[in-house]
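Listed here are the chains, written in short residue letters.
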Amino acid sequence: NAGVTQTPKFQVLKTGQSMTLQCAQDMNHNSMYWYRQDPGMGLRLIYYSASEGTTDKGEVPNGYNVSRLNKREFSLRLESAAPSQTSVYFCASSEARRGYSNQPQHFGDGTRLSIL
Amino acid sequence: KNQVEQSPQSLIILEGKNCTLQCNYTVSPFSNLRWYKQDTGRGPVSLTIMTFSENTKSNGRYTATLDADTKQSSLHITASQLSDSASYICVVSGPGRGSTLGRLYFGRGTQLTVWP
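Sequences listed follow chains A and B, in order. For the first sequence, my numbering begins at 1 and goes up steadily by one. For the second sequence, my numbering begins at 117 and goes up steadily by one.
It should be emphasised that the hints constitute simulated quantities derived from the structure, not laboratory data. All of these numbers come straight from a predicted model, not from anything done at the bench. Don't be surprised by glycine CBs; every beta carbon is placed ideally from N, CA and C. Check before you lean on any hint, since a few could be wrong.
[To be verified] Just a few of them, taken from the derived set where beta-carbon distance is under 7 angstroms, the chain A residues facing chain B:
no., residue
1, Gly-3
2, Pro-39
3, Gly-42
4, Phe-90
5, Asn-102
6, Phe-107
7, Gly-108
8, Asp-109
9, Leu-113
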């Protein structure tokens, strides 16, 4: 089982460049999430999608946009990359539905993004 | 302020020994508490999820306990193996309300190293 697949695994960008991080899950999950993980800090939620066609902001949405393309895919876009966005980005999915969150999240292995 | 604090920050033990990791939280209201294991360079993997009515849950050599009155949880690892070397992350969930998913509060993790 592939689970949650993220591409690319590594990327280096210059300040001001744009890029899209891709995420796909094959578990028929309703909810999908984008997190960033920085050294010495807990995971922080950027955006999430509780169901196909809906997206909502998390704790740190500034500088990012997302698209829930279909039930399987959830992409994260950096329109104008900044050095402060250097981080490891994780996508996750869950069976959780609106108002019900007692389900584990399944994470991908991350995209390591460096912005120079 | 809702927070999740983990201790110790790092821990080194010898293979075969037991250890206990601690998690204190101030999240209220509380829905569930999760423990994740994150290997270096990989995404977090769920170990246990406990609701407020559960005080113990096991997953192989991992046993999590929860005291909802004192807002404390522990993760006990029995007969440690080299493969247990990882970061262990405590995550506390607040309940979802209406159309909003429950928010997850992530601790910064305890880095466990198991030496042969």
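How the hints compare with the structure:
A hinted interface residue such as A:Gly-3 counts as satisfied when its beta carbon comes closer than 7 angstroms to some beta carbon of chain B; here the least separation is about 9 angstroms, so the hint is violated. Violation of the interface hint for A:Pro-39 is found here, the shortest Cβ-Cβ separation to chain B being roughly 10 angstroms, above the 7 angstroms cut-off. Residue-level restraint check for A:Gly-42 holds (minimum Cβ-Cβ distance to chain B is 3 angstroms; threshold 7 angstroms). Annotation: A:Phe-90 was flagged as interfacial toward chain B, and the flag holds, the nearest CB pair being 5 angstroms apart, inside 7 angstroms.
Interface restraint check: A:Asn-102 against chain B, minimum CB-CB distance 5 angstroms, threshold 7 angstroms, status holds. Proximity of A:Phe-107 to chain B holds as hinted, the smallest CB-CB distance being about 3 angstroms (cut-off 7 angstroms). Using the Cβ-Cβ criterion of 7 angstroms, the hint placing A:Gly-108 at the interface with chain B is satisfied: the shortest such distance is roughly 5 angstroms. For the restraint placing A:Asp-109 at the interface with chain B, the shortest Cβ-Cβ distance is roughly 5 angstroms, inside the 7 angstroms limit, so the hint holds.
Using the Cβ-Cβ criterion of 7 angstroms, the hint placing A:Leu-113 at the interface with chain B is not satisfied: the shortest such distance is roughly 14 angstroms.
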